[in-house]
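> Using my numbering, read the sequence shown as starting at 7 and increasing by one per residue.
Accuracy of the hints is not assured; some may be wrong.
Said to hold, decoys possible - Taking lysine to aspartate or glutamate pairs in the EDC-like style, the calculated list, with each CA pair at most 20 Å apart, reads:
id: 1; residue 1: Lys-63; residue 2: Glu-95
id: 2; residue 1: Lys-111; residue 2: Glu-101
id: 3; residue 1: Lys-111; residue 2: Asp-93
id: 4; residue 1: Lys-24; residue 2: Glu-103
id: 5; residue 1: Lys-136; residue 2: Asp-194
id: 6; residue 1: Lys-147; residue 2: Glu-199
id: 7; residue 1: Lys-188; residue 2: Glu-201
id: 8; residue 1: Lys-82; residue 2: Asp-100
id: 9; residue 1: Lys-188; residue 2: Asp-123
id: 10; residue 1: Lys-63; residue 2: Asp-36
id: 11; residue 1: Lys-63; residue 2: Asp-84
id: 12; residue 1: Lys-111; residue 2: Asp-123
id: 13; residue 1: Lys-147; residue 2: Asp-55
id: 14; residue 1: Lys-63; residue 2: Asp-83
id: 15; residue 1: Lys-147; residue 2: Asp-193
id: 16; residue 1: Lys-47; residue 2: Asp-203
id: 17; residue 1: Lys-50; residue 2: Glu-77
id: 18; residue 1: Lys-188; residue 2: Glu-144
id: 19; residue 1: Lys-24; residue 2: Asp-100
id: 20; residue 1: Lys-136; residue 2: Glu-201
id: 21; residue 1: Lys-82; residue 2: Glu-33
id: 22; residue 1: Lys-111; residue 2: Asp-100
id: 23; residue 1: Lys-188; residue 2: Asp-51
id: 24; residue 1: Lys-63; residue 2: Glu-33
id: 25; residue 1: Lys-192; residue 2: Glu-144
id: 26; residue 1: Lys-174; residue 2: Asp-83
id: 27; residue 1: Lys-192; residue 2: Glu-148
id: 28; residue 1: Lys-141; residue 2: Asp-193
Calculated from the structure, these hints are not laboratory results.
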Amino acid sequence: MLTIYLTRHGQTEWNVQKRMQGWGNGELTDQGRQDAQALAKRLKDIPIDAVYSSSSKRAYETAEIIVGDREIPIIKDDLLREMHFGDWEGRTRDEIEREYPEDFKAFWETPHLFNRDDGEVFSQVQERAKLAFQKIIEQHKEGTVLVVSHSIFLRVLIAYIRQLPLEKLFTQTPLGHTSLTKVVIKDDLHHIEFEGDISHLNK
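When you get a sec, could you build the whole thing from the sequences and use the hints?
Encoded structure:
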């Protein structure tokens, strides 16, 4: 049996400013670091064989906080990066909605039809998510792995695991910062035990 925990990075300055991050990067806030420490405390007694982190700084720093002084390898992987937003990166949602109202509406309401020349479309993120997931399963037949990634990437990955079509991507519950999702894989069957849990932040 293989257990894969999925978590989103801690809160960043760009999250607070409601900027699209993608492959760009806002620095972790004090709150983001505290939340990552709370998750570290929650996971401290769970044996983790490896941590796979997006190569983006905000995710890798979150992974480092979670690992702390435990001797767990952190493996950076570009496949785990957030969706690439092209010229939307670093801009606020309000700015984008004013300048690209139809594209912005399609992004959130009909993601399977969203198409721009700049950046990625959701099907490309889905292919990355599938590849990253399959790579981890091939490397770890059993044990426990933690994946530190990003909001939309993780929603795409969870939709893939649940066999949910892309058009229903945003019907899923949004994933909070450092929220935890537990996926159990046994006999080639995938089961999501819980999703987007933030109980460690309420203590």
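> Run the structure past the numbered hints and jot down the numbers of the failing ones, going up.
The structure breaks hints 8, 9 and 26; every other hint is satisfied.
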